[in-house]
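Given chain D, work out where chain W should sit, using these hints.
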Amino acid sequence: MHLPLKVHRIREENSTFRTYIFKHDLRAKPGQFAMVWLPGVDEVPMSVGWQDKDEMWIGISKRGDCTTAIFDQIKIGDRLGVRGPFGKPFELKEGYKKIILVGGGYGTPPLLFLAKEAREKGMEVVVILGARSPEHVLYEKEFAGLGCEVVNSANHNGKKGHAIEIFAERMEDGKVDCVYTCGPEKMMVKVAEIAQKNGVDSQLSLERHMKCGFGICGQCCIDGTGARVCKDGPVFSGKQALSLEEFGHYTRTGSGKRIALE
Amino acid sequence: MNFRVKCCGLQFENPLVLASGYLGVTGASLANVAKNGAGGVTSKTLFMEERAGYPNPTSLTFPGGLINAMGLSGEGIRNAKAEFETYRNLAPDCPILGSVGGKTLKELVECAEIMDTYPVDLIELNLSCPSGADEKELPFSCDPDITAKITRAVRKVTRKPISVKLSPKAYRIGEIAQRAEAEGADAITAVNGMGPGMLIDIRMRAPSLGNKVGDVSGQALKPIALGCVYEIYEHVKIPIIGTGGIVNGNDAIEMLMAGATLLGIGSAIAYYDLKAFAMIQEKIKRFMEEEGFKDISDLVGIAHKR
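Each protein sequence line maps, in turn, to chains D and W. The opening residue of the first sequence carries number 1 in my numbering; numbering runs sequentially from there. The opening residue of the second sequence carries number 263 in my numbering; numbering runs sequentially from there.
Isolated chain D (complex conformation) (with noise of 0.2 Å):
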């Protein structure tokens, strides 16, 4: 069953990437996603990028042609459908004192939720923030805002990669007690494995085609254990990550076919 609920207020962050923003409490925790609904369109997952007693945010990017529908038609007012919170959360334990997040182009969302969190409790927060170009960095004052160390690799002249060279440097510093991810595959696999070579525990969010978001269709399944992206993840630890035979090559269409991660 979906909420209906009026979007209170629009952010454009920049020209293919806006935030919506709900006067409701979905209780959704850090990582957790909704199902968002424009009826006769379509209805995709999208995660939960802010969510206090007063505002739930959820960032989308105009890239298909459900989220192009909504940019055309969602105005201030206007209702989506909203199911949810599903998925499993990011694990944010209990004596952790530093925490670094990795944060690719519009994958950063539930990293701004998540860095909210940390900082209720007290922890160290560095944010690195890549994207492919300055104006598409999202969040940078908002993560500031809460007290974060914010480096964002875009301004380093924005090299390809960048964001990865300054977290395995920010890695050799030592001290961090876990590495949280959202963004591009392949960036998330590098994440990962230079974490797990600097003996740190890190936690993944990922992304395959969903339908019934809540673990009975079988669509956004990964290879080799089979776990569902929805219901099992869409956090997986790094370990477990690099463990899956799919994750970093492959992911699926909408039919179930594999296709090569980009």
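Calculated from the structure, these hints are not laboratory results. Any given hint could be a false lead.
[Said to hold, decoys possible] BS3-like mimics (lysine-lysine), calculated; alpha carbons at most 27 Å apart, straight line:
| id | chain 1 | residue 1 | chain 2 | residue 2 |
| --- | --- | --- | --- | --- |
| 1 | D | K257 | W | K474 |
| 2 | D | K257 | W | K297 |
| 3 | D | K62 | W | K474 |
| 4 | W | K365 | D | K257 |
| 5 | D | K53 | D | K75 |
| 6 | W | K297 | D | K239 |
| 7 | D | K29 | W | K537 |
| 8 | D | K190 | D | K29 |
| 9 | W | K297 | D | K88 |
Coordinates of chain W only, in the frame set by chain D:
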């Protein structure tokens, strides 16, 4: 206490078989379900061509069950070979039913012919999905003659056991099952979802499913599925895979008593996740202990004896 089931020459560790359309897109997913306690699994129905299916929402719960309109998405039977090989490697001892469909008799037979070459233990003919419909928009299995014709044609292209999956929409379903049996079917799977059904979101002022209409399963389907299985049991000697609305142990026992040898499990996963398999088994075993049954087969069809 014996909980194993021998059916169509296959050994099932327990009578619970994952129903087609649930968690059956990939071999690894099917193997994960086997690992979680299924006695057997069924793949998603495969057609000749690749299909993306309907837009979301494709599957929703409501108080009383589930409704879905996946649109028979699938990668196409020729692309799916690797999934069956993966399954076989990961779960060598847990039987797998390969489900095939077709918009036409010819397509369905062709799919069965290809499925025959894959490492599956039984071929399930999905004659009951609304998308594989005749010109009257009725599933093939609503017509006794078409059901007989397809079963006969598939029987010629495979020596693997065949189960014919029927629709609850059929009039005189027992006689249709009988026709399938006469043409060489080894089992009957009963039943598919019923419908077309609809949910309307009153605030969004629109049908809730992407396809507007879909098939109903879960609790709402159970009494209908039981009625169908009971009737089929009176008409055929071949085993029945009783499917439809088995959500808990009590439902499973009812289905066995109506005449099912194996039980198709699907909607229970929506309520109890993969734990459903262990939970339902435990409930059946406890019931057998309490009531003094030594063999699961002693429950099958027992409701017909009074």
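Hint by hint, here is what the structure shows:
no.: 1; hint: D/K257 <-> W/K474; verdict: 25 Å, holds
no.: 2; hint: D/K257 <-> W/K297; verdict: 24 Å, holds
no.: 3; hint: D/K62 <-> W/K474; verdict: 25 Å, holds
no.: 4; hint: W/K365 <-> D/K257; verdict: 20 Å, holds
no.: 5; hint: D/K53 <-> D/K75; verdict: 23 Å, holds
no.: 6; hint: W/K297 <-> D/K239; verdict: 21 Å, holds
no.: 7; hint: D/K29 <-> W/K537; verdict: 24 Å, holds
no.: 8; hint: D/K190 <-> D/K29; verdict: 26 Å, holds
no.: 9; hint: W/K297 <-> D/K88; verdict: 21 Å, holds
Violation of the numbered hints given earlier is absent; every hint is satisfied by the structure.
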